[in-house]
Amino acid sequence: MKVLLKGGRVIDPSRRIDGAQDVILEDGRVAQVGAKLSPRGADVIEARGLVVCPGFIDLHAHLREPGREDRETIATGTRAAAAGGFTAVCAMPNTEPVNDNSGITRFILDQARAEGAVRVHPIGAITRGSRGEELAEYGDLKDAGCVAVSDDGRPVESARVMRRALEYARAFDLPVVDHCEEPALSERAAMNEGPVATLLGLRGTPAAAEAMVVERDVLLAELTGGRLHVAHLSTAGAADAVRRGKARGVRVSAEVTPHHLLLTDQAVKDSDYDASTKMNPPLRSEADRRAVLEALRDGTIDAIATDHAPHTIDDKQVEYEEAAFGVVGLETAVGLGLDRLVAPGLLSLPQLVALFSSGPARVLGLPGGTLAPGSPADVTILDLTRRRKVDPTRFHSKGRNTPFTGWTLKGAAVMTIVGGRVVWQDRR
Amino acid sequence: MTGYPHRHLLGIERLQPSEIAAILDTADGLREILDRPIKKVPALRGKTVVNLFYEPSTRTRASFEVAEKVLSADSLSVAAAASSVQKGETLLDTARNLEAMNPDMIVIRHSAAGAPHLLARHCRAAIVNAGDGAHEHPTQALLDALTLRQRKGRLEGLRVAIVGDLLHSRVARSNLWLLSKMGARLVLCAPPTLVPPGLEAFAPVTHRIDEAVEGADAVMMLRIQRERMTGGFYPSDREYHLRFGLTEARVKRAKKDVLILHPGPMNRGVEIASEVADGPYSVILDQVTNGVAVRMAVLLLLLGGGAEG
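Residue numbers (the working numbering), protein chains in the order written: chain U, 1 to 428; chain R, 1 to 309.
Please note that a few of the clues may not be correct.
In silico EDC-like links for lysine to aspartate or glutamate, alpha-carbon gap of 20 Å or less [stated by the list, open to error]:
id	chain 1	residue 1	chain 2	residue 2
1	U	Lys142	U	Glu157
2	R	Lys40	R	Asp74
3	U	Lys269	R	Glu13
4	U	Lys269	R	Glu55
5	R	Lys255	R	Glu211
Don't read these hints as lab results, they were simulated from the structure.
Extracted from the complex, chain U is given alone in its bound form:
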């Protein structure tokens, strides 16, 4: 099968391409990128006025299957991904049971093959059961298809265990993804510690609880030579630790979520304790938000990731401190990036595309993230003029828990192509 994407503006940050080009996809691979390519034998997709990008990759999504299919399944989560412009998602291991062995990994990949709309890259657990004690079997996990290890929402509390994980993972070249948070300082916290939490009477976790663990992990990565990836970085101190680590040549990378780039803890107050503003790490102060944005602009942060965390209404429609942590993000991330980061000039369009494609691919060593000939025929097509209002009732995800309800976003993914096949398009 051969497809010609004709007349679009091709942005491929991996090869510093930004211009009017055609793209030919053939047999699941990118065959050719160039001016005025022949349509012979190809299905033509008219891309004039649109932006053609390497397929977007989300480094951090919770697909909930197996175990919490009431919140999301691989089928619904990957449909949400496709609708949001993602051609691949990394599936976090906090399933029930935890993805700490090759059996679960294979199950996830089987489900993804059978029902998935986009590619799924499973992330295995750092420790058995994500209990923070014994290492999981990284060799098995890698062979079964895991692209990294993480204990996800459960920070690796012991420096000894984290050290061993970074060391041992080197044998399989697996990055270790840590949720950096000192549990002793964040016990029972519902939001960021600061003046807003004080007024709301909610227990907060200080920014230092994140920064100190990022500092620790960067030092451990330096000590061991392991690959560290900092999940959902949200504080100035953490950004600074990563920046200094990179400057010293430590193998460290980091991701940030759209909500930490665009919202602060004031949103908790403005929403009157609506739990769609509750996630971990929590929305931070304006100073942290600006520092994280700066770290994104200066290259300290490698990728934008959603931390897509679908919950049921029952998980969320309770007292704020009882509500589950997490917000959905797959169907809003790209629109938020275009409307709130690119349109105001905070990022260039190629920068944003890189943060969704070549950046995440580099962090975890994934195929894709590029339109180089021979790479997977995964393409995300953007329409910079398309306006959409965030309406959770129309999400493909089972989760409705977004803090962005009602936001009108200009710019959207309008077509998602995986392996040369159109898996989603927004018919006007």
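Place chain R on chain U using the hints.
Chain R only, in chain U's frame:
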């Protein structure tokens, strides 16, 4: 009734000074009813009020119940289990069940900050916050203000020290809003471990109680919430009392006619010495009477008063 344009009373934060004054004026006018031989007026006849208490409470709940009875509202009190999640029925389900009985108002006390806001979003009834976690306790601040205003004739310009567990106290937050909106000059005092970030935006914070009490027109003592003191916020009750407790010697630094307030229940010998609590400047029992008047005012202003019309 005019002067109170809101449907609920969730906190002091969003009230205008004129609205606070309206509640206090109304309470002042209603207080006289409590001295009558027959303490009952028909103002809220036919109105139904549910008191939904998720936390144990003696005085607040009794105070609301008395206020409801004096105004002839039909009321029922529900003491619910500590945590709705543990109990199996969610807060919203409980509230919706009560709503099916068509109450005009739900008075809620809950250990979780924001619980009244959740009800306000999903219920038709007027919601009155009777204390939510460490967030607000608006009727307590109103009764404190009423007491101060009765004794001092004004709130503006009064020097008021708020001393004690500022971290966990909803009473402190409501009073901070109320007294700063009404122009009182505040000073806050607690050990640094019990001062949450951001309070310095309201008022100077000191860790020396002598400084806080110096020249005060009123001292508001906050209860040390020993049941929440899991984190070792201070080394011992003994040291707390020595360094941060209100003793007779310290009261002497305040103005001669200083008023001592305490929302109760008191930890005698910890944050307050018995001689002070029972002393001549203590208006702690006045506060209780004013509590009924303030709650009557809130009921009346929110439920419109009298028959439908």
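Here is what the structure says about each hint:
Only pairs whose Cα atoms come within 20 Å are accepted, and Lys142 of chain U paired with Glu157 of chain U is rejected, the gap being roughly 24 Å. At roughly 13 Å between alpha-carbon atoms, Lys40 of chain R and Asp74 of chain R fall within 20 Å of each other, so this suggested pair holds. For the proposed pair Lys269 of chain U and Glu13 of chain R, the alpha carbon gap of about 12 Å is at most 20 Å, so the pair holds. Taking the CA atoms of Lys269 of chain U and Glu55 of chain R, the gap is about 24 Å. The hint is violated against a cut of 20 Å.
Proposed proximity of Lys255 of chain R and Glu211 of chain R is supported: the alpha carbons are some 13 Å apart, at most 20 Å.
Of the numbered hints stated above, those contradicted by the structure are hints 1, 4, listed in ascending order.
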